[in-house]
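Peer 1: What follows is each chain in one-letter form.
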Amino acid sequence: MLTEATAVNPAVATAPLLQVRGLEAWYGESHVLHGIDFDVAPGEVVTLLGRNGAGKTTTLKSIIGIMAKRKGSVVMAGTETIQLPSRAIARLGVGYVPEERGIYSSLNVEENLMLPPQVKPGGLSVDEIFTLFPNLKERIKSQGTKLSGGEQQMLAIGRILRTGANLLLFDEPTEGLAPVIIDQIGRTIAQLKSRGFTIILVEQNFRFAATVADRHYVVEQGKVIDMIPNAELDNNIDKLHGYLGV
Amino acid sequence: MFELLGIPPQALFGQVLLGLINGSFYAILSLGLAVIFGLLNIINFTHGAQYMMGAFVAWMCLNYLGINYWAALVLSPLVVGATGIVIERFLLKRIAHLDHLYGLLLTFGLALIIQGLFRNQYGSSGLPYQIPPQLTGGQNLGFMFLPNYRGWVVIASLVICLATWFVIEKTKLGAYLRAATENPTLTQAFGINVPLLVTLTYGFGVALAALAGVLAAPIYSVNPNMGADLIIVVFAVVVIGGMGSIMGAIVTGFSLGLIEGLTKVFYPEAAATVIFIIMVLVLLVKPAGLFGRPA
Numbered sequence: 001m002l003t004e005a006t007a008v009n010p011a012v013a014t015a016p017l018l019q020v021r022g023l024e025a026w027y028g029e030s031h032v033l034h035g036i037d038f039d040v041a042p043g044e045v046v047t048l049l050g051r052n053g054a055g056k057t058t059t060l061k062s063i064i065g066i067m068a069k070r071k072g073s074v075v076m077a078g079t080e081t082i083q084l085p086s087r088a089i090a091r092l093g094v095g096y097v098p099e100e101r102g103i104y105s106s107l108n109v110e111e112n113l114m115l116p117p118q119v120k121p122g123g124l125s126v127d128e129i130f131t132l133f134p135n136l137k138e139r140i141k142s143q144g145t146k147l148s149g150g151e152q153q154m155l156a157i158g159r160i161l162r163t164g165a166n167l168l169l170f171d172e173p174t175e176g177l178a179p180v181i182i183d184q185i186g187r188t189i190a191q192l193k194s195r196g197f198t199i200i201l202v203e204q205n206f207r208f209a210a211t212v213a214d215r216h217y218v219v220e221q222g223k224v225i226d227m228i229p230n231a232e233l234d235n236n237i238d239k240l241h242g243y244l245g246v
Numbered sequence: 247m248f249e250l251l252g253i254p255p256q257a258l259f260g261q262v263l264l265g266l267i268n269g270s271f272y273a274i275l276s277l278g279l280a281v282i283f284g285l286l287n288i289i290n291f292t293h294g295a296q297y298m299m300g301a302f303v304a305w306m307c308l309n310y311l312g313i314n315y316w317a318a319l320v321l322s323p324l325v326v327g328a329t330g331i332v333i334e335r336f337l338l339k340r341i342a343h344l345d346h347l348y349g350l351l352l353t354f355g356l357a358l359i360i361q362g363l364f365r366n367q368y369g370s371s372g373l374p375y376q377i378p379p380q381l382t383g384g385q386n387l388g389f390m391f392l393p394n395y396r397g398w399v400v401i402a403s404l405v406i407c408l409a410t411w412f413v414i415e416k417t418k419l420g421a422y423l424r425a426a427t428e429n430p431t432l433t434q435a436f437g438i439n440v441p442l443l444v445t446l447t448y449g450f451g452v453a454l455a456a457l458a459g460v461l462a463a464p465i466y467s468v469n470p471n472m473g474a475d476l477i478i479v480v481f482a483v484v485v486i487g488g489m490g491s492i493m494g495a496i497v498t499g500f501s502l503g504l505i506e507g508l509t510k511v512f513y514p515e516a517a518a519t520v521i522f523i524i525m526v527l528v529l530l531v532k533p534a535g536l537f538g539r540p541a
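Order-wise, the sequence lines are chains U and W. This note's numbering numbers the first residue of the first sequence as 1 and each following residue consecutively. This note's numbering numbers the first residue of the second sequence as 247 and each following residue consecutively.
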């Protein structure tokens, strides 16, 4: 029985790297998250799926600590972070790629890449990042925001791989990008997973999500309403379409 | 001796030098304002008072403690910069989330208080500060006489401005500063201590003002109003150059000093207003300033 249970839910097999319980968050007076619960095991890739405005982006922002008003519990590798400023959460090994990518226009590509300080040993070397994203090397002295959308996304991902962060938060990395770039980002996520990175992916494009993720959490109106392992996605496709309204 | 456009060269170059001296102070002061505005989003109206404090601390060092000019050049910016850090930690931090206007009112009020305290203690007639013995005398350049101290002020200001530009634009620390200026929330989410950066930046901007004050002490008399008189022009310089641009502040500072000096030669009546006329013209054509980026 026990082995069966762990097979169904890999999060039970090991202590979770990230444990979120009863997470609530507000934009000013507007209550956006109403008690988010989920776990992410070390080395897993999980997605947060849901409609626009469901609270996926806000969940990532709350985990990294840039939501000013939040409560509940977010435990990262055994440390409660709900009261910590974002700079302290980053130093626990959380790397954040925001939806708008956050490339600095007053910094060139190299400065953007080298900006986030090292928080832990074990990050990728700059050469390894250039192997993943050869475009960045060619444009190293360009102003950050002169890059194409795809290159900016690669830079936003590349710069947090250097830092040794082992939990990566990707907010819609494929949004607005050409299919060939989406494929490249998909391959990158697979490579990162094989290197042991833990990834939380917010996605609208669930066809993309299905190619890279272990499990999918469905977020609706500020709550997690379902969890679907990727292996069971086909059996649950109608249910998922209902959730996402597609 | 030759004449240029009917002006004796001694008069012309004399005014050019005077313009460069004024330009040096405009450049250092507007540089400090630009750095502070970039990261703190505060228009630091205390800047003139802090420049005055720099001169006074140098005067106190000499007259109370026997500390000479060269030591004061280092000590005074440190002392005044430290008072800036206290102001940021205890006052500016509390209003950081509010509208610009609150920062403006607070720093303006502080300037009035500081100037009032110094006026109370030292009067407003001004105190003399001797040129350091190493820099007395001057050079005869053939076409003009260059007092050594004035040459030193121009060169020192250029070095200070270019060093500041280098640190901000070309170093890792500068990259942190630029990143925090552009997107403080994200920069903090990378693990960078932005509040500390903000405090140190304010302290640095204030120290720059104090450094200008020490440089000015032997030229102008040390006077509680010396900053209030200068800062109005410096704000015009900042508006012309564009808030938040480092090189813009430096180039505009020196150029406007020169233009002011030349105006004194060719059309003395406009010398006091030329900078403000340029400000109006620039605002009409490029509201963000010559080097500023439109918001």
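Treat the hints as calculated values from the structure; they're not laboratory data. Please read these numbers as outputs of a predicted model, since none were measured by experiment. C-beta: ideal position from N, C-alpha, C; glycine also. Just to be clear, a hint being listed does not mean it is correct.
Which stretches of chain U does chain W cover? Using the computed rule of at least three CB atoms under 8 Å from a CB of chain W, they are [unchecked claim]:
1) 62 to 72
2) 93 to 102
3) 115 to 126
Under the rule of at most 27 Å between Cα atoms (straight-line distance), these lysine-lysine pairs were calculated in the DSS-like manner [claimed, not checked]:
4) W:K339 with W:K418
5) W:K532 with U:K71
6) U:K193 with U:K137
7) W:K418 with U:K120
8) U:K69 with W:K339
9) U:K141 with W:K416
10) W:K339 with U:K146
11) W:K418 with U:K146
12) U:K137 with W:K532
13) U:K223 with U:K71
14) U:K146 with W:K532
15) U:K223 with U:K239
16) U:K137 with W:K339
17) W:K416 with U:K120
18) U:K223 with U:K69
Peer 1: Give a verdict on every hint.
Peer 2: Here is what the structure says about each hint:
Using a Cβ-Cβ cut-off of 8 Å, 3 residues of the region 62 to 72 of chain U lie near chain W, which meets the minimum of three, so the contact claim holds. Check on the region 93 to 102 of chain U: 3 of its residues sit with their Cβ under 8 Å from a Cβ of chain W, so the three-residue criterion for coverage holds. Counting residues of the region 115 to 126 of chain U whose CB falls under 8 Å from any CB of chain W gives 4; the rule of at least 3 is met. About 25 Å separates the Cα atoms of W:K339 and W:K418, which keeps this hinted pair within 27 Å; it holds.
Restraint check: the Cα-Cα separation between W:K532 and U:K71 comes to about 46 Å, which exceeds 27 Å; the hinted pair is violated. A hinted pair counts as satisfied when its Cα atoms are at most 27 Å apart, and U:K193 with U:K137 qualifies at roughly 23 Å. As the CA atoms of W:K418 and U:K120 are separated by approximately 19 Å, the hinted pair is consistent with the 27 Å bound. A C-alpha spacing of about 19 Å is found between U:K69 and W:K339, which places the hinted pair at or below 27 Å, so the restraint holds.
With a CA separation close to 12 Å, the supplied pair U:K141 and W:K416 stays within the 27 Å bound. A hinted pair counts as satisfied when its Cα atoms are at most 27 Å apart, and W:K339 with U:K146 does not qualify at roughly 34 Å. Proposed proximity of W:K418 and U:K146 is supported: the alpha carbons are some 21 Å apart, at most 27 Å. Distance hint between U:K137 and W:K532 is unfulfilled; the C-alpha atoms sit about 36 Å from each other, more than 27 Å.
About 14 Å separates the Cα atoms of U:K223 and U:K71, which keeps this hinted pair within 27 Å; it holds. Of the pairs offered as hints, the one joining U:K146 and W:K532 holds, with about 24 Å between alpha carbons and a cut-off of 27 Å not exceeded. Taking the CA atoms of U:K223 and U:K239, the gap is near 17 Å; set against the 27 Å cutoff, the hint holds. For the proposed pair U:K137 and W:K339, the alpha carbon gap of about 40 Å is over 27 Å, so the pair is violated.
Proximity of W:K416 to U:K120 is assessed by CA-CA distance (about 26 Å); at most 27 Å being required, the pair is judged to hold. With a C-alpha separation of about 17 Å, the suggested pair U:K223 and U:K69 falls inside the 27 Å cut-off, and the hint holds.
Hints 5, 10, 12, 16, counting from the list given before, are not met by this structure.
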